[in-house]
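**Q** These are the residues of each chain, in order.
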Amino acid sequence: MTISGAPGGADARSLWGDAARRLRRDKAAVACFAVVVLYALIAVVCPFVWSDWADSYDYDNINRPPSLTHPMGTDEFGRSVLQKTLLGASTSMTVGFMANIIAVPLGIVLGAVAGYYGGRLDDLIVWFYTTVASIPGLIRLIAIKFAFAETVLFANTPFEMDLGHGMSGVYIALGMMSWVGTCRLVRAEVMKIRELDYVLAARAVGTPSIVILFRHVVPNVLHIGIINFSLGFVGAISAEVMLSYLGLGVGTGIPSWGAMIDAAKMDLVVGRWWEITSAVAATFLIVLAWNIVGDRLRDALDPRLRTA
Amino acid sequence: MLAFILRRLIQAVFTIFGVMLLTFILFRAIPGDVSARYVNPKLGKAARDAWMERHRMNLPLVLNTAVHVQFWKPEFWNTQFFWHLRQSLTFEARSFKTDEKLTKIVAERAKYSLALTVPAMALGWLLALVVACVVAYFRGSWFDYLMTFLAVLGMCVPYLAYMIGVQWFMFNVKPTAAWGLRYPTNIYVPVAIAVIAGVGASVRFYRTVILDEVNRDYVRTAMAKGVPLPGVLFRHVLRNCMLPILTSLVTAIPFLIIGSLLLEQFFGIPGLGPLMLGSINDRDIPIVTNLTFLTAALYTLGLLLTDVLYAVFDPRIRLR
Amino acid sequence: MSENAAILTVRGLQTHFFTMDGVVKAVDGVSFAVGRRQTFALVGESGCGKSVTALSIMRLVPHPPGRIVAGEVLLDGTSLLALRERQMRQVRGAKVSMIFQEPMTSLNPVYTVGNQIVEAIRLHQRLPGRRARDQAVAVLSQVGIPDPAQRYKEYPHQLSGGMRQRAMIAMALSCDPDLLIADEPTTALDVTIEAQILDLLKRLKAERGLTIMLITHDLAVVAETADVVAVMYASKLVELADVQALFQRPLHPYTQGLFRSLPRLGQKKRRLETIPGSVPNPLAFPAGCKFHPRCLIGAGLERCQTAEPPLRLLQPNHYAACWECPGYAEAPAGDPAAAPIPYHPPEQNEPAD
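Chains as they are written, first to last, in my numbering: chain A, 360 to 667; chain B, 9 to 328; chain C, -17 to 335.
Bear in mind the hints are in silico, worked out from the structure with no lab data behind them. Treat each hint with caution, since some may be false.
Said to hold, decoys possible - Quick list of simulated restraints, FRET-style, between CB atoms:
id	chain 1	residue 1	chain 2	residue 2	range
1	A	550	B	250	43 to 51 Å
2	B	193	A	515	31 to 39 Å
3	C	68	A	550	53 to 61 Å
4	A	379	B	193	54 to 62 Å
5	A	560	C	142	28 to 36 Å
6	B	33	C	172	33 to 41 Å
7	C	109	B	250	38 to 46 Å
8	B	250	A	477	29 to 37 Å
Beta carbons: idealized from backbone N, C-alpha and C, even for Gly.
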């Protein structure tokens, strides 16, 4: 439909500049982005402020309801639930960030290579992601945690990662299992970009295909990566909660919202509501913020992706 | 159309093979030797070897290189991988733990899973579709904004919180309904949770799908010939939305079988979900492997079915 | 047959889009009248507001963000903007029909051509299924579709581009409307098909006594089919005249520029002229005459930069909006919506009714 009078200046600016301008005007998006930044700050700062929280047992004050000294009450070891919740942000944000820092580049590279080169390579990558996608999400996650159960990477080095029990296992499993969506979208987009004039022109002057791919094609699909990064964050945070419930989470000793909500299935019955309330509220706010940020990013950067 | 279905069929075969490969790598190759869990170490190496042999864990992983490249000899194929393939396709696996046949265990437990998931899916789908249509009908109004906002809020509450909250509520109202299946009517509690927790995301998805279609040229044509809005929505738009809606429905089929893992575990329903989780804790490899394979195979077949159905419904594919 | 009866009168129409970046005045005070059995062409570059004018007449402006904020649209004396939505629905398709640029996407892909035509017929006429079907097949054959009974059963994607547009026309004409609005009906088609479709429109106009409002950016199409032409630039009409007057003596510098950019037989020019610059951003129209930054005459003149010229009646039945037109200062304002510009091409036969 040729609606005359649509803003004519849009094409004069760059995609990113235009999107940034639109997002800045969107009060909800700005507010939600502020929430995300706040959580990120909490995630970075709190572990330093309360570095000895895990050992701050106070057996005289276990399971106290909210009071002035402990605004959100105390847990079964007498530790502050407010501090626990804030420290849980660190776990959630780390899991979300690391999982997506693995998944998104993996999806972009695989999708771009499949879409650009086509042929057998495309068939292979499509087969690979169809296979991975055919196992339902939660089972995929459980399966890879199962496989990792006794795996320790870089054992006896400062970088030791206990994939079976630590936080690293959770985000690596999530990262390895959630690249499919990005890959699928990037592949479809690259197949379109491949036929555009500037790519054909670059090809005509003999630019090596790998250079075309990473200089001309990939920068034009990065917005898909950004969008999926923010929406993937939501998935990672929710998955962390579920894994904790199933006993496949970040492990005991690490403050986590999943573990806090899980613990409440025993607590609520005896009237201890504060731990689950703070954990649910914390999860709810960040998931809401990421959802809205992701949605608005998608609207601003690529209106065609709305149905995806 | 036949060529189209045939091509999808071949793709499905490759995917199912891929799943067998993936489950093999994840559950056989990476975890390695799990015999220590099932054979008392005090019985010594002989007992352990016997157990390994019985479960064919002593065979080479993929190819029997001891027989060199003599692929015509049966021993060459006598490896863990090919036993795994055979087991997957025939469902002849037996549990490490109880030595029961997989088919028997599944047959016993599937009915509980189905009793939960079939009504949950049907109700959830119906509710979401109706609400999405109404919301799309009133698009741009305060009602639309309110419902969309509620849907987003509903999506943002963790699933686990829904379960705990409703269970706690039931515990206060009617304690017997808060856990287990002592009374068959208890199934309504997890069904209700599944519907409530899922409806937000579905409404938003269907609303996007419908509104995306609303902006197409043919909708303007229909308006230009004077079709009233309900006619435009239900006759023109909905028919064109069937592909994503059908796909979302069919891709949920594996959950019918494997059950709602979390809900069954939480409410003590002896379906396939707790079986899966229990087997993971026990490292009962044949059960985990084959349940995973079963869901993936059903998912793939479900997608294949969608494509066939859609080829039947959509003239653009049917007449190609 | 009264020569001066207007079938459609648009007066002071203003349609605005309320976007995040500001209010886009897509149509800003457009007035004209369309005479019965005329072909009225609305010409302009893409983005000038001609499609929005058409959608405003149909009251199909996408809302939000678009809204008709002022003006009057009279169809046979009925004020369309005052109708209730339900009454307006009875007008659409029955009294005014519209066809669009892209026939592939404008037809619903999952229903057969016949099904979609029958839908239109049964919405406006109480006919039993069989009769509606017969009428649909008849109208398909009237628009020159060979083997209409077979095409009736086919889906849009099975037809060629030209056939699809014919099917669209058949659907638009199935309830015998008085006015057909054709929004760039041939832009998406090949040149040979374009000629066939234009011939078809001409023939239907003669046979059915149809009034056509043709929206196009193509002056060749205008020359081929139009009786009266309105030139639109940046949301306003800049010139309005019958086709002969306009082609022989265009008054507005923009119209003149459009003609200079056309190739002409017998003219030895090395290259075609273009109008310098580009269509202004509707969010930031230039002050004064909106055309002045691109104008060969008015670019440096102070009056053109500060004051916007209204449409004035420069010659009998010839309106233009330009300070620098000879005689503009003395010309009366006139009312382009008062009566249609009378025009009947000399060679055209009177339709036999």
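**Q** Each hint should be assessed against the structure and marked as holding or not.
**A** Hint check results:
1. With their beta carbons about 25 Å apart, residue 550/A and residue 250/B fall outside the hinted range of 43 to 51 Å.
2. For residue 193/B and residue 515/A, the Cβ-Cβ distance of about 56 Å falls outside the hinted range of 31 to 39 Å, so the restraint is violated.
3. A hinted range of 53 to 61 Å for the beta carbons of residue 68/C and residue 550/A is inconsistent with their spacing of about 46 Å.
4. Evaluation of the 54 to 62 Å hint for residue 379/A and residue 193/B yields a pass: the beta carbon distance comes to about 55 Å.
5. Separated by about 33 Å at the C-beta atoms, residue 560/A and residue 142/C satisfy the suggested range of 28 to 36 Å.
6. Between residue 33/B and residue 172/C the C-beta distance comes to about 55 Å, which lies outside the given range of 33 to 41 Å.
7. Our hint of 38 to 46 Å for residue 109/C and residue 250/B is violated, since their Cβ atoms are close to 29 Å apart.
8. For residue 250/B paired with residue 477/A, a C-beta distance near 30 Å keeps the hint of 29 to 37 Å intact.
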